[in-house]
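Just need the whole structure built from these sequences, with the hints factored in.
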Amino acid sequence: MSIIHPTRRRLLQTGAVAGAGLAMPMVFTGAASAYTNEPTGGTVTLGFNVPQTGPYAEEGADELRAYLLAVEHLNGEGDGGAMNTFSSKALKGNGILGKKVAYVTGDTQTKSDAARASAKSMIEKDGAIMITGGSSSGVAVAVQGLCQEAGVIFMAGLTHSNDTTGKDKKANGFRHFFNAYMSGAALAPVLNNAYGSDRKAYHLTADYTWGWTQQASIQAATEGIGWQTVNNVLTPLASTDFSSYIAPVLNSGADVLVLNHYGGNMVNSLTQAVQFGLRDKMVNGKQFEIVVPLYSELMAKGAGKNIEGVFGSTNWSWKLQDEGTKAFVKSFGTKYGFPPSNAAQTVYAQTLLYADAAERAGTFNPCGIVEALEGFEFDGLGNGPTLYRAADHQCFKDVLVMQGKKDAENEYDALEIVEVTPRAQVEYAPDHPMFAGGDLGQCNPGA
Amino acid sequence: MKILGLNEKDSRFLLIVIFLTLATPVLLQPFPEGSGMAQFNAGYPDLMQRFAIFGIFAIGFNILFGLTGYLSFGHAAFLGIGSYAVVWMYKLLDYNVIWGLPLAVVVSGIVALGIGFISLRRSGIYFSILTLAFAQMMFVISYSDLFGRFVGTTITNGETGLQVYGNDPQVLLGATEPSSPHFFGIVMRENFWTPQFGDWQFTFNNGYYFCAVIAILAFYLSLRIFRSPFGLMLRAIKTNQNRLNYTGVHSRPYTLAAFVISGMYAGLAGGLLAAMDPLAGAERMQWTESGTVVLMTILGGAGTLMGPVLGAGFIKYFENIFSKINDNVLHQWFAWMPDGLEDAIVWVLHFFVGKGWHLTLGVLFMLVVIFLPGGLVEGGTRIWRFIRGTDRKEKTADATHQPEHVAYVAEKEEF
Amino acid sequence: MGILEVKDVSKRFGGLKALSDVNLSVEEGTVHAIIGPNGAGKSTLLNCFVGKLIPDTGSVMFEGHSLLGIKPHQINQLGVSRVFQTPEIFSELTVFENVMIACFAKRDGSFRLQPFKTVENETDIVEKAEQMLVDVSMIEKRDMHSASLSRGDKRRLEMAMCLAQDPKLLLLDEPTAGMARADTNNTIELLKDIQKQRGITMAIIEHDMHVVFSLADRITVLAQGTPIVEDVPEKIKGHPKVQEAYLGTAH
Amino acid sequence: MDAILLQILNGLDKGSAYALIALGLTLIFGTLGVVNFAHGAIFMIGAFCAVGLSQILNISFETIDPTKLDFLGNPAKIKTAYVESWFGTEIGAAIIDWAVPLAILFSIPIMLFAGWAMERGLIKHFYKRPHADQILVTFGLAIVLQEIVKAFFGANPIPTPAPAMFQGSIDFGMLVGFPENAIIYPYWRLIYFLFSGVVIVAVFSFLRFTTFGMVVRAGMADRETVGILGINIDRRFTIMFGVAAAVAGLAGVMYTPINSPNYHMGMDFLVLSFVVVVVGGMGSLEGAVAAGFLLGILESFASMNVFKDIIPGIDQIIIYLVAIIILLTRPRGLMGRKGVMEE
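Chains as they are written, first to last, in our numbering: chain A, 1350 to 1796; chain B, 503 to 917; chain C, 217 to 467; chain D, 40 to 382.
Keep in mind that the hints were calculated from the coordinates and are not lab data.
It should be emphasised that the depicted structure is a prediction, and the values quoted were computed from it without experimental measurement.
In this text, a Cβ means the ideal position worked out from N, Cα and C, and glycines have one as well.
Keep in mind that a hint or two might mislead.
[What the hints assert, rightly or not] From the structure, some residues in chain C lie toward chain B, with a derived Cβ separation under 10 angstroms:
# : residue
1 : 290
2 : 314
3 : 328
4 : 335
5 : 393
Have a look at this one:
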């Protein structure tokens, strides 16, 4: 069970949360104000839109914990966390632009429709000036589109599809999380070192947009190091039993299985692949291997021992040793008793980045924020020096290649860092074919 | 007073419904901003639009399930089809909803005709499973854009949802035309009036009133159907199909007509969803969504006129308002209690509110099915009878699960 | 030439011969009863009349139309109404609605889509339905839920529905089965009245002798799937073959 | 050839899961005439019996190990399971390792009780109500059960591995003369398949060869007659409900190593198992088993790229397609009886 259960005192400190003291929602018309939901009172409301029900509810809960922490830090409570290590010093711990930070939460249910409804209610009812969250690409793209239309900023949470800052990019949307292309670029050299350049890969791919983009990215990256792609089989999203997809793998001549799955799909397909004994086999004279390009701590937990030795990538890990990471992990761990996931870190960073941009811009006007964030270089939030690229609003920073740890000491210790792939190695041109077709458009302040 | 070919009772009923629908932005906003209760306000455009849209969906579903007793578990498919039709019109022509909405109704009607023609050859649970199978099939086809892959261009845009891109043709798009859904220049997402009286703030939204007018029409239509010979035949199908057949009536065309009509209602509702928010997601076709409309209808009272609308409002309110009550809010509510007691109460309640709203809904739904087969409408009637002291033995002992008669009372007195 | 002509009808179920060479003719305007001991094939024969069973050989013709294998609503539209063993009514509707449905079916045929008309404005239907209820003396129960009627009243209602359709032939399947004596007599009176006033042709399947002899103009006795005697009631009463058939199965 | 054999094997295995769930479902339908939408939830509860047992076995006490530091730099707490401290590390670890097989014993009484409680507490009152009401109330129950499980176990899948000795796979192809790695089959799936076979045979022989079973079968055929004979059929039906729940629960327990259980696994299986039951014919036990295997095999075949190249996504829709075709050509399913569920 993981329920946020703060004591009353802490709650009273957190103060103007949720219900109380909301800014007046000025929905879409804004005859009086310059932009949607311009805060008029002493508070500014942020909307945390995470999955609270459905299969990704645990990830949503972890994101929510990080959001609460970020709000505390912004309002000058707690130890300040990564605000102390953040390279920009605009934030002073007195809220944002002197206004106390309040928040509302919503449930995306990991469905685009529900996520949009929830975001709309935050904007229309609660007067949220910024929406953030999400733990799947479909949801992120859908909510990002909504925020663009409504004229508020969207700070994406966990979204890994290339489309979020590619085909579906929007001027009001920003992504801190890495993407499928970066996973491929970071993984390929490591795979080359570990498994050699003469490998034959067999892809199992979840049959929806994210799966397709990740598969394409990984295929391109691995073919870049000389691997062949034997086959790519699309698996139904509702599958729970992957046996009929896994069974033919060995006989196909492939010696690496790439699982382009996430969440429950990944837990099941990996568990079953291990059960089939794939990793005990020798094919083409080589040890058979499995790769899971996108890892998440929670899913690693769900897969248990099966991930031992399996390579994958993450946006961030609490095991990093830079100052920003240490500060964040310390305040998160002190508050909740366990280390944060990389989804938690990304939303924490996004919240601070938004607040900092508002401080620097001197306004909550989305166009001001966009201007402040575009091309922004910063450090001290983990992952080393980072750039928010102006051309597509994608963050560029180091990417971590992880490996399932043998003899993990506890459930939070399932993954270990194999390599921190430097930022230069995962960068790409904004018009890279995998990201082509989109149009950032103009920032929309809504008024 | 009689209007629009209705008798006196129905005319009054319709006028009340019209009044309630038009006054929704005020009625749903009873608490002042900034007060602790403001959280329970529901008078913001998105939720009001949803009330109206899902009201239409449930009214249509009720024509099939409430009248004929055929339990379809696949109506969400039509919802999705309606949405896709509207968004495609945005992509091809322009943002005026006038092109998409009729198309949504027509296309979903045609698909309903096909599915209904096949599924209605069976009855009982076989029918339910057939509709479920069709809808699930259409859901996976949309979610993975299988149809699009087959023809080589995107049709549903997969799990991201169909949306308008800058490079879409939009051949009718004028230079000054709004860049979001509108009805001849009336932009759906804009508000035409946002008055403020003291701390009370009201939002009068174009989109809501557009939906509201259509919902009233839809309701009027369903009222007419209920009172028509066609409606009578449908109810006869529910109570004794064998007798009806030996009375010389061919029941299949009637059920098919009901199926198509309710499919068209669902398509209209789906179209309106896309008219309010120009994105069509595949999730709205999932079988659990079909389950939701069943829940709405039963919760409110299947076979009654007002029940499904109430049920739809109830569930959407739960989904959007109840789910936002998090532990912090609970602690604020019970802060006046001693610490231990407060924590205990919050601990119990948090299973039921916020992210636990599904649990509350499930419990509530079970209670309704077990104790109130006529849904909230029957509950309202019972309370009304109790207050008036009318003899309760008269109807409540009757477990036939058919409250058409009691409905009248409820319809009149519910609000 | 009768209104209902049954010619050489035979039906086997596996090895069991349920009907063999049944020939029967129901004359217009008469009440024709088919009696026989249990297992004589009465129900099988009836099922052949209403399209539920298709005989192996033979034909069932109603006014020159074959009734074999056609749908219930088609049979009804030809002018054959049916009364069931247990009264089949629309128990969740009111008495009046029950009768109106029958009136609509008579007027509009097996299917007519009219979602924009209002039932209560269809004056011809309303008047006719009221008249029917007067005819079976149930007008005061007009707005009752028909589920709450007594067994006898349910039968009356069912009759009213059948009569509303002005049938050319009324098929009655043990119309008094399971009824108390008073209800039985009531039903007999009702049927007699109808017969007297309207002269409707009736085919009754029955094993209650009291009912049969009170109503029938002609009686066919069925035994082991074959008609053994057909005659007027007075002749049937003492007929040795009939006695043999009934007593024979009793022992 | 080997590809075909491989998919048949896979299909049999998938099918055995479908068959087990569908068997319980149709047992309840056949005996009690109740359409139970909560059956998927029972399957899920079975799986969580295994999770629960493994968590009980893992109940630990904490000792502080000053030589190690946790992620915050404080001295690390080391957890030791009580089982390990009582029985010694080796035996204790072995017991924990065998949690899933042990859960079979653990779950049977729980599932029987759960089935009994459900029948007496809720379903009993719905025998006379329309099927639609039964569907609805059990649908509500399913939502409630899964939300309760979610509240206590969380939404994340929980790994529940099979004992170490059953991990890995057997090279089935080599046994019958194919080259190496052509047909591999995990041990646990083999066990699952055999286990399902045993359960299916047990249920059938129970119904066929015991007096109890004969009465129940007679009751399935004609409830009133058996009632007239003075046999308390209701009580027997209650027991059958418990048995059906136990069958579904066992299917759930044994399934945990294949799929890490999560709270919505019941709903995932529900639609599918209903399709299986309807395809097999409502109320037909043989039909449910046959349809389970048939659909499992068809689904496995559809996952081959040979077919997917012709019709994209055929593996996603095959089950529904087959269900539609069968229901239209054989109105009562493969082996359904006349008059069932056709009110």
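TODO: Could you work out which earlier hints the structure fails to respect and list their numbers in ascending sequence?
DONE: Checked against the structure, the only hint that fails is number 5, while the rest are satisfied.
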